[in-house]
Amino acid sequence: MESFIHVIILSMLVTTAIAIVKVKDLFAVTMLAGIYGLLSASFFVLMDAHDVAFTEAAVGAGISTLLILTTLSMTGRFEKAADTPGSNYKPALALALVTLTGALLIYGTQDMPVFGAADAPVQTHVVPRYLNDSAAEIDIPNVVASVLASYRGYDTFGEVVVIFTAGIGVLALIMSTASKAPVALRASMEEHVVLRIVSKMLIPLILIFGLYVQFHGEYGPGGGFQAGVIFASAFFLYAMLFGLTAARKVVNNTWVQALAALGVLLYGSVGLLAMINGGNFLDYNFLAQDDVHGQHMGILFVELGVGITVASVMIIIFFTFSTRRQRDGDPD
Amino acid sequence: MEFLGLFNYWVVIVLMMIGFYIVICSNNLIKKLIGLTIFQTSVFIMYISMGKIDGGTAPILAEGVTLYSNPLTHVLILTAIVVGIATTALGLAIVVRIKESYGTVEEDDIHAKDKQA
Amino acid sequence: MIVHLSVLQVIIPLMAAPACLLLRKRELVWAFATLATFVTFAVSVLLLSQVMQSGAISYDMGGWEAPWGIEYRIDMLNAPLLVLISGISAIALLAARTSIENEIPENRHSFFYIAWLLCMAGLLGITATGDAFNVFVFLEISSLATYTLIALGKDRRALWASFQYLVAGTIGATFILIGIGLMYVMTGTLNMADLAQRLPEVENTKTVFTAFAFFIVGVCMKLALFPLHLWLPNAYAFAPSIVTTFLAATATKVAVYVMIRFIFDVFGFEFSFTHFPLQEILMTLGIAGIFVASIVAINQDNLKRMLAYSSVAQIGYLILGISFASQTGIMATLLHMLNHGLMKGALFLAMAAVVYRMGVANLSQMHGIASRMPLTMAAFLIGGLSLIGVPLTVGFVSKWYLVSAALENGWWPVAAAILLGSLLSVIYIWRVIEVAYFKSVSNNTPDVKEAPASILIPMWILVLANLYFGMDTSLTVSVTQMAAADLFGGLL
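So the protein lines, in turn, are chains A, B and C. Under this note's numbering, think of the first position of the first sequence as 5, with each following residue one higher. Under this note's numbering, think of the first position of the second sequence as 10, with each following residue one higher. Under this note's numbering, think of the first position of the third sequence as 50, with each following residue one higher.
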């Protein structure tokens, strides 16, 4: 049964990908890309990667679709016909390059351990320590959270910085400066009374769910990143329904930027604190008398840092894009 | 799942290559970025497939379970997904600016305008 | 704190960046960013001296020993590069405040410095880490910051250049990710030292062969090896001048470092040069890169673009040094990495000064410019001589070792090619000198003054470094010699 679903999802992925190549309407392409994200999330569930599925659904089907749609509303919905004279459209060359690359990869798979093998190096080296000892060393059930926040906590620090960098990049490039004469920014769905009332009730629930995902990450799928995205989505919803001007009153630019910075600083400070207490950077054992207790505290705070930065940066990115879209064009 | 053997990887490679093809063959910048997303997501699928173990469950420790899928690939891909969305967001920001200053988001039109200048 | 130096030199800029966002005021942000960079520079100098005294340093992040945790590993190979990155960054930041006045809108300055710090932290992180996946994470930090910095250029072509780099860079990074994944599936580890130990068992597999190919192609995209260099010239030409100074002196060097680390340390000399036709490929592309890029450079009017093509040519020399597959060859590459950082730093800072005064750096508008900006053009002249490889400059030292490495292998034609390549650089540098010094001022030349001291001083620091390390080679040569010996340690 499982392998049947496996094959079905894979073929749906291939179909979606081919459709993306063919379709010229970028709105449809964006939706297909969202579907692709959702399908891969389902695939990840099948592969026992619940945390990844959660994130891919939030990012691939959620955030990135939203951002692309916002951009499309500024750049136009349709792709130009490819074979106009003078274009450098060379499908044959591209196809040759892609076929060559793919052939090399397929060649490379021939000596790979077969799919699902229990004696593959990935299952027998390094990972057993996480699975067997994390219960004693870190004592939280979700091994993904242990590896993410502690064993490879430094990678996750890098990940937070990546998100922060994207936020800085978006601000540096498209932050609108002409805020002196605010035009009345109308919400796209202002007239829909039912939507507005229902969403008003939904928003607090979304926020609470965000907090749940944030603090429950040690026990089940979830954690700072997913929580940050969910938390931010409540603000997106508010902005879409009540207009950017109204949303701006709730989220102050300066404060959100400060929070984005503070999340990164919180993560780094946990590392530095461990260092001051005599351990290595991010060695949570040095945060408390008891090693396991220290690990718990460390993970709690770094996940909080991740959550704060992710939520703030997502809000920054979304608001910067939307404001750019709605303001009267004055290129700087 | 034995019969899946390496077949799973081959399909994933096809997916990766479709994404790669969209990147290099699209004239529209937004479609290029979507292609990059497809390319990257397919690489994520490859990683996650590598970590799957037959009969295993999600790596959340529980009584009576002995076989878990590889949590490390999950962690790596969580990071990679974040990197992916960061790249997409920044790329779109640049596209917005390109539209504003060139008036187009089609690669050959941009080339044409650069040649005139 | 001494034991933490290796991690401090990455997390100081990494945490200074968000702190800058809290400061907001651009003057304050500049001062803080510069201070943080100088501290980072001091840390990396201390690290280098520590490595020279007591050998390689390993640092376990989070206290988890490798391969379960992430390891930082500083040895003779990466310690000098850390000094170069933080040093060039510190010197360039001194000039940045003035240089970006005319190139970037004022309300973007704070973001500019933050992106700069992130870019530097990313480059340092790639260099310091001993974990293959951590390389990818920090590569993306530096890449995203770099796309931002390039797109901040004044000309709209900067946006297009940045986008092209973003696409090329992401394809490169994804190839690297595929390579790392295939290494991981065969070995079950991500730690470089552990990989080096476990890869030989499986080195005859098609999977490892493919992993190597994808990883190296991905890195070549990042280091702009001919013919994957297409993103580089426009990115360097249209980025804010001070950004070009920093990137040209450091970013591609880091990619070359990653390549050396994986070829020699992770996959090992045996595998790279016997299982894989690496020597032939690298030599061909290196030489082709030198000639094609140098010839294109000769025809450029935009001098930033000319120097960008020259950088592509110089990458050719670096790759050529690797292809010799000898201790002298690799030493020449390492030496040239450092030296080329110094020359391109000085040359691009001179261009930053020209752009600051004239708005552009087009040769057609520079007739007799040396009489108006004598100190700037003198710096360009010395930097140019260094690029050509005239004695008493750093360029001579690295060319010398490159040629002797070629001769050591008995490759006369390659040695001749290196000299011929230098001849081409004489041509493109001479064009500038001729126009700037020997043409009289024409109507086309804007009436400009010498650059302000805030750009001149950093520029001349780099020029003097070019001369100093050209005459006193004891430090650079001994360091790179030790690094090369380490890389070949297992073989000899």
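Please note that a few of the clues may not be correct.
Covered by chain C, according to a simulated footprint, are these stretches of chain B (three or more residues, beta-carbon under 8 Å) [unchecked claim]:
id : segment
1  : 47-58
2  : 62-75
3  : 84-97
Source of the hints: derived by calculation from the structure; they are not laboratory data. These figures come from a predicted structure and were not determined experimentally. Virtual Cβ for every residue (Gly too), placed ideally from N, Cα, C.
Comparing the hints with the structure gives:
1. Given as covered by chain C, the segment 47-58 of chain B passes the check, having 5 residues with a CB less than 8 Å from a CB of that chain where 3 are the minimum.
2. Coverage of the segment 62-75 of chain B by chain C is violated [criterion: at least 3 residues with CB-CB distance below 8 Å; count 0].
3. A stretch counts as covered by a chain when three or more of its residues have a beta carbon under 8 Å from one of that chain; for the segment 84-97 of chain B and chain C the count is 6, and the coverage holds.
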